[in-house]
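Heads up: the protein sequence lines correspond to chains A and B, in order.
If you use our numbering, the first sequence closes out at 696, no skipped numbers anywhere.
If you use our numbering, the second sequence closes out at 272, no skipped numbers anywhere.
Incorrect hints may have been included.
What the hints assert, rightly or not - In silico lysine-lysine, DSS-like type, Cα no more than 25 Å apart, as pairs: (1) A:Lys578 / A:Lys601; (2) B:Lys106 / B:Lys21; (3) A:Lys595 / B:Lys106; (4) B:Lys128 / A:Lys601.
What the hints assert, rightly or not - Selected chain A positions facing chain B (Cβ under 10 Å, derived; list incomplete): (5) Lys578; (6) Pro581; (7) Trp586; (8) Gly590; (9) Pro605; (10) Ala606; (11) Leu660; (12) Ala664; (13) Glu667.
Don't read these hints as lab results, they were simulated from the structure.
Ideal Cβ placement from N, Cα and C applies to all residues, glycine included.
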Amino acid sequence: MTAHSEASAHSFDAKSLKANRSSSRNLFNIVMTGLAGLCILLALIPLVLVLFYVFANGFNRLDLDLFTQLPPPPGGTGGGIANAIGGTVIVVAISTIISVPIGVLCAIWLSEFGGDDTSIDEYVRFGVNILAGVPSIIAGVFIYGIMVRPGRPGYSALAGGVALAVLMLPTIIRTADEALKIVPQEIRWAALGVGASKYQTVLKVVLPAAIPAILTGVTLAIARAAGETAPLIFTALFSPFRFNGITQPIATLAVLVYNFATLPFKAQQELAWAASLILVLMVLLTSIIARFATRQKTY
Amino acid sequence: MVDTMPKSGTMTDVVLRAKECDIYYGSYKAVRDVSIDIPRNKITAFIGPSGCGKSTVLRCFNRLNDLIESFSLKGKMTYHGQDLYAPDVDPVEVRRRIGMVFQKPNPFPKTIYDNIAYGPRISGYKGDMDELVETSLRRAVLWDEVKDKLQESGFSLSGGQQQRLCIARTIAVQPEVVLMDEPCAALDPISTLKVEELMKELVQNYTIIIVTHNMQQATRVADYTAFYNAQVTEEAGGKVGYLAEFDSTEKIFNDPEQESTRDYVTGRFG
Chain A
398 MTAHSEASAH SFDAKSLKAN RSSSRNLFNI VMTGLAGLCI LLALIPLVLV
448 LFYVFANGFN RLDLDLFTQL PPPPGGTGGG IANAIGGTVI VVAISTIISV
498 PIGVLCAIWL SEFGGDDTSI DEYVRFGVNI LAGVPSIIAG VFIYGIMVRP
548 GRPGYSALAG GVALAVLMLP TIIRTADEAL KIVPQEIRWA ALGVGASKYQ
598 TVLKVVLPAA IPAILTGVTL AIARAAGETA PLIFTALFSP FRFNGITQPI
648 ATLAVLVYNF ATLPFKAQQE LAWAASLILV LMVLLTSIIA RFATRQKTY
Chain B
3 MVDTMPKSGT MTDVVLRAKE CDIYYGSYKA VRDVSIDIPR NKITAFIGPS
53 GCGKSTVLRC FNRLNDLIES FSLKGKMTYH GQDLYAPDVD PVEVRRRIGM
103 VFQKPNPFPK TIYDNIAYGP RISGYKGDMD ELVETSLRRA VLWDEVKDKL
153 QESGFSLSGG QQQRLCIART IAVQPEVVLM DEPCAALDPI STLKVEELMK
203 ELVQNYTIII VTHNMQQATR VADYTAFYNA QVTEEAGGKV GYLAEFDSTE
253 KIFNDPEQES TRDYVTGRFG
């Protein structure tokens with residue numbers, strides 16, 4: 398034992414352990430760290446500028462009128478975007494009501510019931526991924542073709558909600574699928590072991606455990622949908638009036654920004670900035686809620 | 003060949019019976035030719051080296067293997083003479099009568115109370131739920147430790163307490179048989195002892211089968227012991243499990259008939 402440790406001690410040279418800052422390895426380290434840091438700054442510049450710009454231009458119209466009044470007629474002054482704020486909430490609510498049950502049940506099938514034939518699972522997951530990559534304007538055209546074009550019911554809040562639901566579906570399916578897969582298999586065995594049927598297991602044990610993560614996915618999907626403009630332009634259209642039933646065209650924040658920002662009237666331009674600010678704040682708020690929801694996770 | 007009945011001792015009542023059972027995963031034969039009678043209100047231990055099929059056989063008794071796609075069973079398994087695998091048998095009903103405790107404590111992500119109440123609730127229990135929860139926890143010797151925090155999460159308990167919670171959850175649905183798949187593998191020695199004492203309590207009302215890698219545990223708790231062994235084969239998978247010997251625990255550990263049993267229980271392999 399002693400002989401062995403002496404031998405190994407002698408086989409090393411007694412080199413200095415002090416850091417040599419000018420060695421090429423350490424120089425490379427410093428340069429690469431600096432480069433990576435620079436890229437972070439570059440990536441953050443657009444975010445900071447956008448936020449700054451929107452705040453700077455939208456902040457002075459952030460008053461009570463904004464939330465209670467309708468937009469003024471061209472050439473008028475003041476006014477608000479009450480109809481668009483309410484409209485965005487209504488359209489997003491419609492799309493959530495449609496997409497959440499379908500998305501979550503689809504995820505339940507994928508994660509809990511699709512096992513009999515894994516190839517079908519794969520096709521469905523592949524399809525969902527493709528749907529996630531479909532440009533939002535295509536979703537709009539699709540719903541336009543089904544619900545809006547001449548001979549069909551026409552522009553409506555409902556059509557806008559359905560178009561957004563198409564966009565929300567893949568996000569919800571994917572996050573819910575992942576959330577369900579994280580729930581340990583042992584929990585399912587345990588539920589079956591006390592005599593639960595498959596659906597009793599899924600609905601009362603697996604799903605509650607996955608709810609926080611599913612909520613996160615839903616909130617992110619909502620945040621994305623709330624900011625979509627393209628699919629709404631030719632489904633929900635726009636309305637200068639207040640909410641008038643889900644079968645009528647409806648104003649939304651995103652479309653209001655699109656319509657007003659390029660108008661030659663100062664009041665409308667100001668409202669477009671204020672609407673942008675409200676939209677950014679809504680997305681920020683939902684992201685924070687999503688963060689909060691994930692913190693409650695079970696597994 | 004192995005006899006169905008344990009060789010020594012008299013058994014009056016057979017709860018579970020396997021007769022010439024072969025168990026397959028796809029084309030791979032995992033277990034061959036198992037015939038065993040599980041006596042009522044006794045603890046039967048399944049011992050043997052890894053991969054000998056003892057857990058596989060255990061899971062067949064409450065049809066938990068149904069969850070594995072490629073699983074298939076040849077032979078007959080009966081519960082009080084009823085074929086467990088008859089086409090008109092509902093596996094959910096089977097599992098209500100034949101409960102299971104797993105290797106890793108796996109409480110539901112619910113309160114302690116709801117962990118116990120879940121099973122009775124879904125099977126439409128109409129009686130006093132508070133009372134049932136208390137009785138089940140008392141039987142699992144956990145009541146005194148949790149009575150003041152029934153509304154806390156099951157995860158707040160220690161590993162040993164969680165396992166006793168899982169046992170309480172299993173007996174709350176009032177099964178006749180409790181299958182235990184290495185219930186103490188994840189527990190420290192003191193918790194293990196508590197679970198073993200609990201098993202001895204429970205056996206007055208239940209029939210228990212326990213899979214264990216711990217031979218001392220088998221000698222401490224089991225009335226009967228079945229030794230499973232694995233055999234190298236030419237077929238896919240390379241080895242197949244079989245029941246080598248089934249007898250009273252005393253006989254298995256002191257004077258087994260088979261050479262392989264003796265080698266295993268004296269620690270010469272496995």
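* To do: Grab the minimum C-beta distance from tryptophan 586 of chain A to chain B and call the hint holds if it beats 10 Å, violated otherwise.
  => Since the shortest Cβ distance to chain B is 6 Å, the answer is holds.
* To do: Given the hint that lysine 128 of chain B pairs with lysine 601 of chain A, test it: the Cα-Cα distance must not exceed 25 Å.
  => holds, 19 Å
* Can we keep the alanine 664 of chain A interface hint, with Cβ of chain B closer than 10 Å? -> violated, 54 Å
* Restraint satisfaction for proline 581 of chain A [CB to CB of chain B, less than 10 Å] -> The hint holds - proline 581 of chain A has a Cβ within 10 Å of chain B, the shortest such distance being about 7 Å.
* To do: Could you check if leucine 660 of chain A really has its C-beta closer than 10 Å to a C-beta on chain B?
  => With a closest approach of 54 Å, the leucine 660 of chain A hint is violated.
* To do: Would you mind confirming whether the straight-line C-alpha gap from lysine 595 of chain A to lysine 106 of chain B stays at or under 25 Å?
  => holds, 21 Å
* **chain B contact restraint for proline 605 of chain A - C-beta distance below 10 Å** => holds, 7 Å
* To do: Using 10 Å as the Cβ threshold, decide whether glycine 590 of chain A counts as touching chain B.
  => Because about 4 Å separates glycine 590 of chain A from the closest Cβ in chain B, which is inside the 10 Å limit, the hint holds.
* Asked: Under the criterion of a CB-CB separation shorter than 10 Å, is lysine 578 of chain A in contact with chain B as hinted?
  -> Interface hint status for lysine 578 of chain A: violated (15 Å vs cutoff 10 Å).
* Identify whether the interface hint at glutamate 667 of chain A stands, where standing means a beta carbon of chain B within less than 10 Å of its own. => Glutamate 667 of chain A check fails; min Cβ-Cβ to chain B is 50 Å, beyond 10 Å.
* Holds or violated: lysine 106 of chain B to lysine 21 of chain B, with C-alpha atoms at most 25 Å apart -> violated, 30 Å
* **Straight-line alpha-carbon gap lysine 578 of chain A to lysine 601 of chain A, limit 25 Å** => Cα-Cα ~16 Å, so holds.
In summary, the structure is inconsistent with hints 2, 5, 11, 12, 13 from the numbered list given earlier, while agreeing with the others.
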